[in-house]
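Asks: For the record, the sequence lines run as chains A and B.
So my numbering is basically just the index in the first sequence, starting at one, shifted up by 606.
So my numbering is basically just the index in the second sequence, starting at one, shifted up by 1.
In case anyone wonders, no lab produced these hints; they're calculated from the structure.
Each hint should be verified, as a subset may be incorrect.
[What the hints assert, rightly or not] Which chain A residues face chain B? A few, computed with CB under 8 Å, are given here:
no.	residue
1	V647
2	L683
3	F818
4	R957
5	V972
[Stated by the list, open to error] Pairs of lysine-lysine residues, derived as DSBU-like cross-links and limited to a Cα-Cα distance of at most 30 Å, are as follows:
no.	chain 1	residue 1	chain 2	residue 2
6	A	K926	B	K281
7	B	K37	B	K345
8	A	K799	B	K188
9	A	K654	B	K37
10	B	K281	A	K851
11	A	K745	A	K713
12	B	K323	B	K345
13	B	K135	A	K851
14	A	K684	A	K658
15	B	K37	B	K337
16	B	K244	A	K658
17	A	K798	B	K244
Glycine included, every Cβ here is placed at the ideal spot set by N, Cα and C.
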Amino acid sequence: MMDLPLEGITVLEFSQYLSGPSAGLRLADLGARVIKIERPVHGEAGRKLSIKNLWVDDSSLLFHTINRNKESFAADLKNPDDIALVQQLIAKADVLIHNFRPGVMQKIGLDYAAAAEINPRLIYAEITGYGTDGPWKEKPGQDLLLQSITGLAFTTGNRSNGPVPFGVAIADILCGSQLVQGIIAALIRRNKKGIGALVEISLMESLLDFQFELLTTYYNSRQQPQRSESNSGHTLLGAPYGVYKTADGFIALAMMDIGALAETIDCSGLQGFTNDQAFAERDRIKALLAAHLPAQPTAHWLEKLQQRGLWAMEVFDWEKMTAHDAYRALQMEQPLHAEGKEIITTRCPIRINGRRLLSNRPAPKVGEHTEKLIREMNEVLK
Amino acid sequence: MLLDDILVIDFSQFLSGPSAALRLADMGAQVIKIEKPGTGDICRQLYVSDVRIEGESTIFHAINRNKQSYVADLKQAADLEKIKQLLSGADVMMHNFRPGVMERIGLDYASVKEINPGIVYAELNGFGHEGPWKHLPGQDLLLQAASGLTWLSNNQQENPTPMGVAVVDIMAGTHLAQGVLAALLKKSVSGKGALVQVSMFESILDFQFEVLTCYYNDGRQLPVRSAVNNGHAYISAPYGIYKTSSGYIALAMGNILVLAELLGCAPLKQFTEPASWFNKRDEIKQILAGHLAGNTAAHWLGILEQADIWCAPVMDYDQLVKEEAYRLLQMEITVKTSNGLSVKTTRCPIRVDGKLLSSAKGAPLLGEDNEAIDRLFGLRD
């Protein structure tokens, strides 16, 4: 067993779906003991949210993906006896995470002020959709809706596509990741100064931060980002930046010298263009490239471009990617054993002291660790 | 501040590493960028969309506010000596060079650990240290292409579509900051340093952990984007963005029969089986798209919001910044460079003890802190 950086840290996770639980997962992989506080019987709502109708047991594969390496304590937060037990857990915990809408924890009596009274050294971390204030605070904090409201949907796809959302839950995942940063930084301060902290973040602030390059450019030019007509890769970058069809697949071209590109792929139409025109004339340059590149297979272009040191890459799907030695060398997959089924999932992307952080512990059943945790608390009291 | 008294020496360039250092700076760390003479961080010259601030790219200013700049030529023995002195008192060192570069300079982990055993040494690269791609450039679009990510956004008949924000750089930087912070926490107890490594490839695979896990366990079927109004390759109708007679609206997960009722869309009533909301999502989305085009976004949202359906208007930046909810977040800050230039940018998204983390310090001029740092740390050739 390796010595993990967050060993000895206990986290109580009052969270559902993805944003809060993904933060809990990262803390668990870094060595923390993460205990989900769930309502009895049904548990958190994410257990019943499946994608492609894939289930492991009573809970979805999606739930198992996000909640491996955690424990579960069942508590009815409307029952005073259960609240008393949860308060005992809070007294001993280092971190509490929740992603309820504003006001819910106050009603239960577990808001920051109340929790800090029980445990002044506690790091109390909360995720909301749109902040705790303002006209949108009651709106549902759902990923696609946040993408739509923050302008993100106008960054992707071609100009004629209409708004195109990211096909991964970027708001939830980034927000959970940033919460982890705030939590660990607060633990560092606690170790020095002995004080707890309130760490707050919202999905909306995370997605605005995510677009900081675009927004800074917008604030200082007041020009909205414009996607290119075709082969759009990034609204701020000139041609050739984007993905192009070849004879047998697709190739990605990043930023590069237009002259060198014209020469390397032998595209005479491109030769009149200079780097200074790469942004202003990107639609024309991209159209020329899109007409030229289907003449040869990806490997043909890639060899020439890479030989010249130009930034290009074949576009992979997962079948090709997982078959490639470069993917296999990472050893990114790890097995979990849940209810007699083997599930394959990804591991933590961070390596510490040259070692991958692995855990084959499956997600808990609702309340699987309630008794054990009560026993532990009683032993401490004795 | 949370990270008072933490000293970070950052050799990284562009976005991935520097975005991690920015977050550490926001939370109170002192971050010193080590830059090469003459040009500095290549990002200073990465002009985008032809928008420049004082001859430098807007994005350099966004990424490097609240940092200091120290110029050093790592190939000169005298400069390298000063850097080693600086590292001897540092808490964190970060770089994002390709594998082998720091070894050649003599600032690899083994060498730096000898100078400073308690240091947290963080490195970020494109494709990891092993495998046939380890020498390929760690560039955002290329990683999106390599990792299958481009097959998740946009409609089925469209080309593979990259995400229009540097998501790989940003996720990898976020993960690096997590690892650095975790190692610093450990160091605050044990006094021991650590090596923290993140590759952009591993980070963008982690980013896809939900859908990759689905792929690993569903008999390895490739994702299929919906034919129209694609929001997520793995989620049932109505999930997606729809055009109305004025503007667009987003619909997240929802019950098709409830929607049929609320929107007065009779043809949707035939989809009584929830399983069909996934299996026949193209058909459902087409019907919905046709129906929603018949009235305005405000009309539909008025009906749906009242019924607590998960929906939202789709806004661009011009619309967003006019919203009271946006203004109340106070996400915009103005930073000032030492030569008096004001740049409006965004703040750190995290709040601590109810306070915003915002600093008015702009990005440094190249080498502007050399003298002060030499003096402060007593650095000598």
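Asks: Honestly, which of those hints from before does the structure not fit?
Replies: 1, 2, 5, 9, 14 and 17
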